[in-house]
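Peer 1: Those protein sequences? They're chains A and B, same order as listed. When the letters of the first sequence are read in order and numbered with our numbering, they come out as residues 1317 to 1575. When the letters of the second sequence are read in order and numbered with our numbering, they come out as residues 773 to 1077.
The set of hints was computed from the structure by calculation and includes no laboratory data. We treat Cβ as the ideally placed atom computed from N, Cα and C, and that holds for glycine. Treat the hints with caution; some may be incorrect.
Quick list of the computed label-pair ranges, beta carbon to beta carbon [what the hints assert, rightly or not]:
#1 A:L1363 / B:H882: 45 to 51 Å
#2 A:A1455 / B:D885: 43 to 49 Å
#3 A:S1339 / B:P932: 21 to 27 Å
#4 A:P1337 / B:D885: 27 to 33 Å
#5 B:H882 / A:A1559: 41 to 47 Å
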Amino acid sequence: MTMARSYSTLGSDPATPAPGPISFAQLVRAEWAKATDTRAARWLLALSALTTMGMMLVPVIVPTTFDQTYASYLAVASIGQVILLPVVAMLLLTGEWSQRSIMATFTQEPRRMRVVTAKLATAMMLGGGAAVFGGAVTAAGLGLAAASGRELEANLSIGAIAGYVLYVLLNVLGGVAFGALVQSSAAAIAAYFTVNPAVALLATASTPVADWVDTATIWNWVLHNDWDGHALQISVSVLLWVALPLAAGTYRTVRRDVG
Amino acid sequence: MITASALTKRYQDVPVVRDVSLHCEPGTITGFLGANGAGKSTTLKMMVGLVRPDGGAATIDGRPFGRLPNPTRVVGTLLDASAMHPGRSGRSTLAIAARLAGVQPRRVAHLLDVVGLTAAADKRVGTYSLGMRQRLGMAQALVGEPRALILDEPANGLDPEGIAWMRTLLRDFADRGGTVLLSSHLLHEVQATADHLAVISDGAVVAAGRLDELLASSTILVRSPDPVALAAALRAARIDFVDGPGDALTVDGSGGRVTTEVLAGVARDHGVLLTELRSSEANGLEQLFFSLTAAKAGPAREAAA
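Isolated chain B, as found in the complex (with noise of 0.2 Å):
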């Protein structure tokens, strides 16, 4: 159980997060999504207690972080994988975190095995690429058994592969009753990932929810050679929808209730012929990621990471 709620962060009076509320259940996967500095990092930073927040408050099992008696034994943290000492080894670097979760030492190899470390764990960090360093990132995050995970851009640097390693590791961990909360501005990262989510947009929170609710809030496009009778048969359903393009009609999703098969149904009932029925569903919720976050993005808002 992670939660924030309401946090505020400001530069120099320059806010680069506000209000922002995030909610994230066990067993659950939420994707933290958003524009390079939207705020993404800043509010994961306040949320483990490296940056002070100017207002509100974030919690893990019920506790803020910084009142967590041994917090790697609740929640495991990878905000940034290149912040480690490059001169010390892969098994050293987490030999260390080993010793103050407090497991036990043979930890470590079991761990550098999971992450694919252990022919890399004696050569020095400086030596590994970001992959490298992200693999023994999730290490440390793992190392004390959390319950929970927040991870900022874990996908950074991993090659196709590392990708699929690391999703099916995080679904791993979700579906044992984990808490995960991991942040990324690639939308279709975040689509193959989470099941949740919550866009971020200039430091606000402007979408957040069911990951399939979200995208079956976009439309469904419907044709018919004969649009009048299609109208009709969709107005006697009680199904919303506008005209066009051209003479074809576009639904609202309605949250997942109405769905091509739905629609398909309706036809039918009504003896329409449909030539055309597809949903937007492959793009909508890049239509919304940038409907979101593209009109507000500027050049300025870069400095603010």
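Chain A with its partners taken away, still in its complex shape (with noise of 0.2 Å):
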């Protein structure tokens, strides 16, 4: 151990200049370069496109059972949408961790908050450019039904525009919250496909449930714009299913060795 010691004890050099830091564009380019450059990020992208406009078939082929308005067909695209997008957005914050290249992460920013910001932030542009894409799929679909002779109902507000992004960017705020706190690709995913709808199975038989805590009832408030009597629902629901979540994801991820 003397050894040990005087090899440890030699003077150290003063600390020389280091480039600058990350910048966050730089942290958010690589984190959608890692979101969208593997074949599975690209076939779950590819197949929650075709989900949508498979989706938006429905209405145009079937227009008895559905409501023929712009908004309508716009909340047909948002289902579409929230089946898969908040998977890919749970596999932005566990695949690094199930493939281990979340150690190359960490030591290339070690500040690990800024990388978990970073793939939020990616998320949402993901979510963002779903949206749009959404958008382009409902106005094919209000073109297709338009140029068979159907009559159709121009009710797109503002508002009813917002919910519908509101509502696809909540479902993939909610999926990378579950990414975030579970940390495993594969547990993530059976926790979501297990917890969602065992909350809806109880909100048939629970209102309080239901107008508290099941998402697919409160966030189709969201949806459809209807915030009257339920912001407080809806903002219960965001800091329980999004912020909380989300909280103590980045707080273990933060702490959590790298093995």
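Put the two chains together into one complex, using the hints given.
Peer 2: Rendered as structure tokens:
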């Protein structure tokens, strides 16, 4: 041990100036690349797009069961989006733990909080892009319906569009929060597709559950821009399904030992 | 410049790293030698902020790793070559690292060439052998043109040609003023690559220093038909020795001060005939390594890897 001690007590160099810090834009670009440059990610994004387009065919093909309005077409697009998009968002947070590339990520940017924030921003960009894509698909669906000589009610307000975008983003955020908390792809996906249906099932039996914790009910209010009397419920749900798991997940991510 | 002082880590109250201190100077390659499970990886991970130490601290160029504005530009790390996304190509993996490091995108192609992966660059990492992943990991470590490298078992999975390549690369890096800290459980690997050594056993550093000094701390065997005259000559030259084996004498190398040449000179000056004179240098470190680690190595410690 004496050798070890003398070895470690030699003088140390003064700190040499290092290049500037990694900008947030650099971090987001890297996260964006990671979210889109693997086969698995591309498949999921393509499937998500296909689901949205497939859903859009429903009101076009079976007009009698759907309100033929711009807003209801947009709602249909959103249903297609929120099936797989939350999973894509979840994988942004869990994938690196499962594939262990998180080791490289955290040695390149040891301020883990920034990495989580960049992943969150990337998820929002994906969600925003998906919302725009859904809008385009809706326009195409409406075009098809109009071409077939159908009467369509042009009832799209700013509020309806905002509700739609918010709905997509909330679903994406829910996925991000879930992924941040669980930190394992398989476990997060399994939990996501168990917890949400379980809550939805409970909600059929219990109105308080439906009105306060069931996102199927509550985020539908957001989608339909129906905030009257629901603002508190929506806020509670955002706290419960987004803010709290995201905060807990971020805390866990920042402290976790990378093995 | 890489330093660690008194790094300590416990898992469920079981100490896996105890008071480990390291000091790596620019221009040197330090081998961090230990059996599997001795605490090498945990120590290196604490140095780069992947694992939170329970005690102690580490700095790179005088700063804790977590305070380096862009760590990749200061210290390249290769801690686990298998920890790469299998669905991403080698080129994409490196491109992401280059983007974060803030270096020119053309450095990606250059590094792929340096590590010999140009032909396989667009194949998915999942199809790579461990040796190819080590090469890609090495490119990743070098991406930010760092002044220091921290590498965990970099020779793992490399073929003999790859190992020779890695040694040359690290030697060049150190010769240009870089600081290298690399771990290995293979003694001959460290002996062939490093010029400084820290041996870890059971979570604690048991020997550290210059490799040649540690080697020289081994013994020299000297034999004469007239052991009494030889012993008198050595005493006259103030050289420590012990009797044995047999009628030979074993001389302490005294950290490189006493060499076979010195002993031959002493014998000549005193007119003593020598019939055998050999250093145990070739396997001295091996003896050191095994005496330091083997005695304490138990099957239970594998779990701490």
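Peer 1: Give a verdict on every hint.
Peer 2: Hints and how they fare:
1. A:L1363 / B:H882: 45 to 51 Å: Hint violated: Cβ distance 37 Å, outside 45 to 51 Å.
2. A:A1455 / B:D885: 43 to 49 Å: holds, 48 Å
3. A:S1339 / B:P932: 21 to 27 Å: 43 Å Cβ-Cβ, so the 21 to 27 Å window is violated.
4. A:P1337 / B:D885: 27 to 33 Å: holds, 29 Å
5. B:H882 / A:A1559: 41 to 47 Å: The hinted range 41 to 47 Å holds for H882 of chain B and A1559 of chain A, with Cβ atoms some 45 Å apart.
Hints 1 and 3 from the earlier list are contradicted by this structure; the remaining hints agree with it.
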